[in-house]
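Kindly produce the complete structure, drawing on both the sequences and the hints.
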Amino acid sequence: MVLAPLIQGVINRTKAVASGRVGQPLLQPYWDLLKLLQKGAVYSRTTTWVFRAGPVVGLASMICAIALLPFGSFAALAPFTGDLVMVAYLLAVARFFTVLAALDTGSSFEAMGASREVTLSALAEPALFLGLAALARQTGSLSLTSMLGSVSSGTWMRAAPALGLTIAGLGIVFLAENARIPVDDPTTHLELTMIHEVMVLDHSGPDFAMIQYAAALKMWLLGAVIIAIAVPRHSGNSLLDGGCAIAGMFGLAVVTGIIESSMARLRLLRVTQLLIAAIVLSGLALALVQR
Amino acid sequence: MSALLIAILCFGTGAMGALVFANRGRGSTICGVSGILIGCVCGIIPAVSVVLGEPSQSLRMAWDVPYGSLFLELDPLSGFFLIPVFLLCALAAIYGAEYLEAYRGRKALAAPWFFFNLLVASMVVVILARNGVLFLMAWEMMALSSFFLVTFESEKESTRQAGWIYLVASHIGTAFLLALFILLGRANGSLDFDRFSASSDAGLLFVLALVGFGTKAGFIPLHVWLPEAHPAAPSHVSAVMSAVMIKTGIYGLVRIMLLLGAPQAWWGWVLCGIGLSSGVIGVLLALAQHDLKRLLAYHSVENIGIIALGLGVGTLGLRAGLPAVAAVGFAGALLHVLNHALFKGLLFLAAGNVAHSTHTREIDHLGGLLRRMPRTGVIFLIGAAAISGLPPLNGFISEFLIYLASFKGAVSLDGINSVPMLATIAGLALIGGLAAACFTKAFGIVFLGHPRSEHAEQAHEVGLAMVLPGFALATACILIGLLGANVVDSMAPLISEVTGLSAPVVRTSLAQAAHSIAFVSYTGGALVGIAALLGLGRAIALSNRSVYTDVTWDCGYAEPSPRMQYTASSFAQPLTDTFDLLLQTRRVLKAPRGLFPIEASLATDTPDPYQRFIFQPLFRSIGRNLLLLRPLQQGQVQLYILYIAVTLLLLLLWQLA
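Those sequence lines, one after another, are chains A and B. Heads up: the first sequence begins at 1 in this note's numbering, then just goes up one per residue. Heads up: the second sequence begins at 292 in this note's numbering, then just goes up one per residue.
Think of the hints as simulated: they come from the structure by calculation, not from any bench. These numbers come from a predicted model, not from an experiment. Note that the Cβ used here is the ideal one computed from N, Cα and C, for glycine as well. Each hint can be trusted.
Among chain B residues calculated to face chain A with C-beta under 10 Å, some are: (1) 659; (2) 661; (3) 665; (4) 682; (5) 694; (6) 727; (7) 728; (8) 740; (9) 741; (10) 839; (11) 855; (12) 861; (13) 868.
Covered by chain B, according to a simulated footprint, are these stretches of chain A (three or more residues, beta-carbon under 8 Å): (14) 35–46; (15) 60–67; (16) 111–124.
Here it is as structure tokens:
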């Protein structure tokens with residue numbers, strides 16, 4: 001939970017290096033959060049309590065979701081059968097309230113972002129679930145902790161193509177859900193072209209800090225699932241495993257940064273096709289393990 | 292059993308009283324409502340206790356009708372379906388008492404209360420009946436009384452049209468049920484349910500039941516009456532119809548599957564297929580609607596689809612010898628029946644408040660209602676979150692059970708057998724995402740932002756009698772969400788009856804699921820707690836800093852007007868465009884032309900594609916072909932007497948030969 005904002009720092013640094021700039025300090029996301037937390041707030045006259053509930057519920061559901069997620073060799077706080085469904089739906093709770101908060105402002109721009117967000121996530125959801133189902137089938141388990149914990153190098157030997165496809169499918173979901181290029185451009189300056197950023201235009205001060213931190217946690221969450229599959233490491237030494245996982249996370253951040261530097265955002269119509277491709281990839285992974 | 296008979300008697304007395312006191316001011320309202328309330332209170336106690344494990348009770352009396360007998364039985368399955376009937380009808384009656392007041396002086400209120408009591412009584416008899424004749428009579432009475440309720444505002448052309456479609460659809464369904472019971476009766480020599488035994492043509496009987504009951508339940512493509520009838524009816528009637536009446540279709544299907552003996556694998560496939568198509572197409576059509584109540588009606592189709600998915604997964608689990616999958620699948624489906632009754636009833640009542648207060652159901656004409664109708668807004672939000680399957684509310688609990696069953700099935704089944712399970716997982720995920728999109732649209736456009744018309748500007752909160760039933764239902768949604776584990780545990784007798792598995796096996800399977808559900812509820816509780824803490828922390832942090840209000844960030848536009856807001860159609864447009872193949876939206880675009888464009892407009896409309904491309908052409912061609920018979924009908928009495936004579940003669944000849 002502490003390291004999550006650092007991922008964004010790494011992505012930004014990677015992009016800076018790739019484009020030949022020095023870039024902001026690695027810890028900049030932390031300074032941003034601190035600064036925002038110390039500020040006052042401005043609310044729109046149009047808004048109601050729903051607007052103020054948005055960031056709070058969003059961050060709370062991310063915290064709950066992180067608590068259900070294992071990392072390295074550390075089990076989740078409360079693993080149970082079917083917790084993968086719970087995690088996916090906690091993300092949905094956060095999205096539901098963020099979207100409502102955006103609609104509460106009555107601004108066309110924010111509603112436009114909200115509309116795109118629900119469209120893309122409705123398509124990302126099946127891809128996520130099919131990927132998780134492939135993983136469940138592969139490991140015979142229905143709890144994230146035992147599921148992600150039992151992926152080992154042996155599993156890779158046995159079913160490398162299926163795992164690879166799962167990672168590809170989940171990777172697209174990772175980019176889409178976290179509003180990264182090629183789905184959404186976090187650095188764009190025009191409201192019309194944004195998805196996630198535009199939804200939170202009217203939030204300020206501590207509210208905005210909560211939103212930013214929740215976004216960092218979400219990225220950590222989906223990233224950790226991918227890393228648990230991609231870097232299976234069970235040495236028994238929890239420090240070493242944890243270190244590997246953290247290194248994997250930073251690796252993922254670097255890869256994301258490289259993707260962002262090397263390609264432009266897709267047209268919105270294309271994005272739906274990309275997400276359908278993610279569904280197909282996950283479906284193929286399932287077909288491979290289901291034989 | 293006697294309490295249930297008293298309940299039915301109360302409904303009957305209420306119906307009669309409503310007619311007798313028709314001319315005495317509020318007489319019929321008082322009679323009708325009190326009949327419902329007393330009856331529901333009497334009835335719900337035995338219904339709950341039989342679900343919790345009390346022994347079943349039955350009552351059999353001779354009846355003069357051929358093949359008929361007055362055979363009623365209360366077992367866990369009947370009891371479980373009766374609970375929402377009593378709960379919803381009582382709350383809807385309280386609501387209706389105030390809702391119908393607006394029509395006083397313009398319309399007679401005796402008829403709606405008479406038919407409302409009759410509808411409740413017939414639903415209770417449908418669920419208790421154990422004889423084919425009795426069942427069909429109650430079924431028909433249910434269809435007719437609800438038809439008269441739907442056509443309450445019969446002076447409107449659209450309402451008459453809706454009523455007509457509903458009447459035709461119900462009778463087509465009943466025709467299939469008639470065939471079903473005739474076949475069952477011929478094979479077993481009696482129409483009493485306890486005489487039915489597993490027969491060789493179970494497949495045919497299953498299909499007949501699927502079509503007959505599916506028409507009532509609203510399986511796609513038999514759903515066409517729902518989006519017509521639900522918006523036309525008064526809101527408390529839509530709530531009862533959508534929340535409990537269509538569930539009698541599910542009840543009938545489950546009951547007949549029980550009577551037909553061990554299910555076959557293809558039944559499960561068919562149920563999963565129907566569930567998937569109804570769920571996905573239902574929610575997509577809902578997303579494309581502009582009318583708030585029509586949108587809700589399509590969501591009933593979607594939720595019936597989710598129930599069918601659960602039934603299908605359960606059936607396949609039973610067939611494959613996986614008791615955990617079977618028990619949890621059926622538990623998810625049946626719990627969703629109850630949950631849908633709660634949140635859909637709530638949403639229809641809240642939508643009724645909106646329509647009552649603004650005189651429009653057009654989503655794009657509303658906006659900003661949360662400030663003007665704060666209580667209605669809160670209950671609508673709870674209902675919207677529950678129907679989108681968000682934790683920690685009740686909708687998530689039942690969907691979680693179906694997910695759990697299908698994940699278990701996908702892990703343990705191989706090859707082709709796992710396909711329905713995986714399709715269910717992907718389908719539920721897609722349905723969940725689309726439902727969340729649809730309800731952020733419904734709540735966001737109707738209740739948030741600025742008012743988009745005068746209707747919305749002049750809205751005011753409605754009276755307590757129209758808000759309290761909604762709060763009661765919202766509380767029930769929250770309670771089932773937080774006490775899900777206990778609810779699932781207590782469903783053991785019911786599931787044991789439905790699956791035919793032994794009680795200990797069912798109890799173990801459900802206990803495992805309940806263990807997970809308990810964690811779901813803890814996490815949900817933690818979510819609320821953490822959110823409260825964060826809110827408190829923010830309040831403390833902001834207490835001594837500058838907090839002020841200003842206009843919404845307008846990107847530099849000088850005078851933003853409410854008309855510039857996003858509308859419901861534009862919000863849904865990316866999704867409806869993506870799935871246009873399934874929706875066939877009609878667009879009328881007047882594009883701006885020239886250097887100084889004067890006018891431009893865009894109108895979109897998504898009528899039901901099944902109605903448009905299948906049923907309308909079908910019925911039109913039937914109508915055309917039936918015109919050929921027109922010459923037979925001359926309006927001359929002599930000619931008709933000739934027909935009678937010829938028919939008699941032919942029958943006599945046939946008898947002689």
